[in-house]
Amino acid sequence: MIKEAINYLSSPLYSFTAFIFLFWLSLKRIDIVGTKKFGLGLLIFILVIFGWMISDPVFFSVISLPDNIPIIILNALVFWSTWFALYKGHQNDLRIERGEQPLEGTPENREKVWAWPNLVYTELFCGILCTVFLIVWAIFFKAPLEEPANPTWAPNPAKAPWYFLGLQEMLVYFDPWMAGVVLPGLIIVGLIAIPFIDINPKGNGYFTFKERKFAIAGFLFGWLALWIFLIQIGTFLRGPNWTFYGPFEYWDAHKVVAENNINLSEIFWIKLFNTSLPKNIFLREIFGIIFVLVYFVGVIPLITKKWGQSYLERMGTIRYYTMVFLLLGMALLPLKMYLRWFLTLKYILAMPEFELNL
Amino acid sequence: MSEEAKTSLNRREFFSFLAVGWITFGAAAAGFASLIFRFLYPNVVFEPAMDFVAGSPDEYPDGVDERWKNGFGVWIYKKDGRLVAMSNICTHLGCIPTWLPAESKFKCPCHGSGYYPNGINFEGPAPRPLERYKISLNSEGKIIVDKTKVFRYEKGEWNIDGAYIDV
Numbered sequence: 102m103i104k105e106a107i108n109y110l111s112s113p114l115y116s117f118t119a120f121i122f123l124f125w126l127s128l129k130r131i132d133i134v135g136t137k138k139f140g141l142g143l144l145i146f147i148l149v150i151f152g153w154m155i156s157d158p159v160f161f162s163v164i165s166l167p168d169n170i171p172i173i174i175l176n177a178l179v180f181w182s183t184w185f186a187l188y189k190g191h192q193n194d195l196r197i198e199r200g201e202q203p204l205e206g207t208p209e210n211r212e213k214v215w216a217w218p219n220l221v222y223t224e225l226f227c228g229i230l231c232t233v234f235l236i237v238w239a240i241f242f243k244a245p246l247e248e249p250a251n252p253t254w255a256p257n258p259a260k261a262p263w264y265f266l267g268l269q270e271m272l273v274y275f276d277p278w279m280a281g282v283v284l285p286g287l288i289i290v291g292l293i294a295i296p297f298i299d300i301n302p303k304g305n306g307y308f309t310f311k312e313r314k315f316a317i318a319g320f321l322f323g324w325l326a327l328w329i330f331l332i333q334i335g336t337f338l339r340g341p342n343w344t345f346y347g348p349f350e351y352w353d354a355h356k357v358v359a360e361n362n363i364n365l366s367e368i369f370w371i372k373l374f375n376t377s378l379p380k381n382i383f384l385r386e387i388f389g390i391i392f393v394l395v396y397f398v399g400v401i402p403l404i405t406k407k408w409g410q411s412y413l414e415r416m417g418t419i420r421y422y423t424m425v426f427l428l429l430g431m432a433l434l435p436l437k438m439y440l441r442w443f444l445t446l447k448y449i450l451a452m453p454e455f456e457l458n459l
Numbered sequence: 267m268s269e270e271a272k273t274s275l276n277r278r279e280f281f282s283f284l285a286v287g288w289i290t291f292g293a294a295a296a297g298f299a300s301l302i303f304r305f306l307y308p309n310v311v312f313e314p315a316m317d318f319v320a321g322s323p324d325e326y327p328d329g330v331d332e333r334w335k336n337g338f339g340v341w342i343y344k345k346d347g348r349l350v351a352m353s354n355i356c357t358h359l360g361c362i363p364t365w366l367p368a369e370s371k372f373k374c375p376c377h378g379s380g381y382y383p384n385g386i387n388f389e390g391p392a393p394r395p396l397e398r399y400k401i402s403l404n405s406e407g408k409i410i411v412d413k414t415k416v417f418r419y420e421k422g423e424w425n426i427d428g429a430y431i432d433v
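Protein sequences, first through last, are from chains A and B. Sequence positions in the first sequence follow the working numbering and run 102 to 459. Sequence positions in the second sequence follow the working numbering and run 267 to 433.
Worth flagging that the hints you see were computed from the coordinates, not collected in a lab. Fair warning: there could be bad hints in the mix.
Listed next, the in silico DSS-like pairs over lysine-lysine satisfying Cα-Cα at most 27 Å (straight line) [claimed, not checked]:
1) A:K380 with B:K400
2) B:K400 with A:K356
3) B:K371 with A:K260
4) B:K335 with A:K260
5) A:K372 with B:K415
Chain A regions said to be covered by chain B (calculated; three or more residues, Cβ under 8 Å) [as the list claims (entries may be wrong)]:
6) 268-281
7) 300-307
Counterexamples of contact, computed for chain B against chain A with all Cβ distances above 12 Å [said to hold, decoys possible]:
8) S274
9) A294
10) R348
11) D432
Just so it is clear, CB atoms sit at the ideal spot from N, CA and C, and this is done for glycine as well.
Construct the complete structure from the given sequences, taking the supplied hints into account.
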């Protein structure tokens, strides 16, 4: 009964929405999240739930695949580092509120040491430990060796390496040119651009949350919700034919999901206007073109007027508009996901004649 | 000539030695480069022929036929007396969809694109229908499938000559 409810609620629509809500809530109530008590409590809660879930044979069979073990390690590391940074930031925020220096700025913490041997020894030691860990891992969990590659056959489900499963989940909502080239390119360019866009010296060398709310929330949203969370969906909740399966649901290859995806042009011309699609490509896709123009050009002045004026003054024109463009590019993914879930929308702009689909 | 002339080179000799040296070095480097270039190409290519004989038209029942899928990557589809050869490459990202007879659809295992038996995409992210290959009859009445020529639905090519045969 509970398991069925969990299966139902972990469908991408509910779980993604719940994840975004919890993310927002935990940044809103950083005064609770950023305490040791909360961190320990949450850890115990997660371990108890995980222990209960693992007792289910179906869930255990998915989670114990050799390919999926790195993701459990990843979850533990992401959980730890995110909470630890928020905790440190909250401690410093309290100190700054009391008029003290951040913990990293106190005289005893500003003492300098030599990179050699202090840092280099630590690095050497970490390198040796990592090598030992990888060797032991390679001995215990064999890499799956399959038959020779066959260009006319694909395994079912065909899954990317674990670190790319977020990207593969992204591809469900986009054309390969968008989710395979443009958006990953924007991610890489955007990450490279961060030090050039972000010229705010606050938070340099010390943890803080309050002084950098927008920057931290924006980055963590892209990282946790749009990358880490999508990896979880792609790994644990996608079975044969890339159909959604709940965590306790048997991967039945014949699960039928009614899904009939249509393009924006079909929604407008066929459903609303009751006519056939126009022959002219540009007339057919006029609503998609309008949407793209409004989204990437028309919305920017509105955003700037409502939220961006102080950022624009502080950052300068080029930095500000680059940032807004990157944020809009990032927001395309959740937008497209919700459009797919609510309107079964396939493409906003569909021009397969030119291999151009958004 | 004195002893000195034998032990040391004059300017002209030095340059001719230099030229011989560089030419030798350049030839050796070019030879190595060509070896590496050659190494990039496989010695034997196990590729199925781009065209093949697919039996006679009356061998095929109505619906999707999978006999040429392994090996040639072609589904033969027959409906209303019309026979077509369908590519088995998903138009989304090039995976190989599976034919599900029970659900009567093709379903891609990579991102969940779904196609009707005639190759029209209806679910998942696939932007366009499965491509069709050139199909014709030879003088003995056997089917010839030619994969070098594709017919795309969105370009309105499914009704031109060569995209189908009537049986």
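Now the hints, each set against the structure:
Pair hint A:K380 plus B:K400 holds up; C-alpha atoms about 26 Å apart against a cutoff of 27 Å. Among the hinted pairs, B:K400 with A:K356 is inconsistent with the structure: their alpha-carbon atoms are about 35 Å apart, more than 27 Å. Taking the CA atoms of B:K371 and A:K260, the gap is near 21 Å; set against the 27 Å cutoff, the hint holds. About 22 Å separates the Cα atoms of B:K335 and A:K260, which keeps this hinted pair within 27 Å; it holds.
Between A:K372 and B:K415 the alpha-carbon distance is near 36 Å, which puts this suggested pair outside the 27 Å criterion. Remark: the stretch 268-281 of chain A is confirmed as covered by chain B, as 8 of its residues place a Cβ nearer than 8 Å to a Cβ of that chain, reaching the required three. With a cut-off of 8 Å between beta carbons, the stretch 300-307 of chain A has 0 residues touching chain B; three or more are needed, and the interface restraint is violated. With 12 Å as the threshold on Cβ separation, the claim that B:S274 sits away from chain A holds: the shortest Cβ distance comes to roughly 50 Å.
At roughly 37 Å, the least C-beta separation between B:A294 and chain A is larger than 12 Å, which holds for a residue marked as non-interface. The claim that B:R348 lies off the interface holds: its Cβ sits roughly 23 Å from the closest Cβ of chain A, which is beyond the 12 Å cut-off. At roughly 27 Å, the least C-beta separation between B:D432 and chain A is larger than 12 Å, which holds for a residue marked as non-interface.
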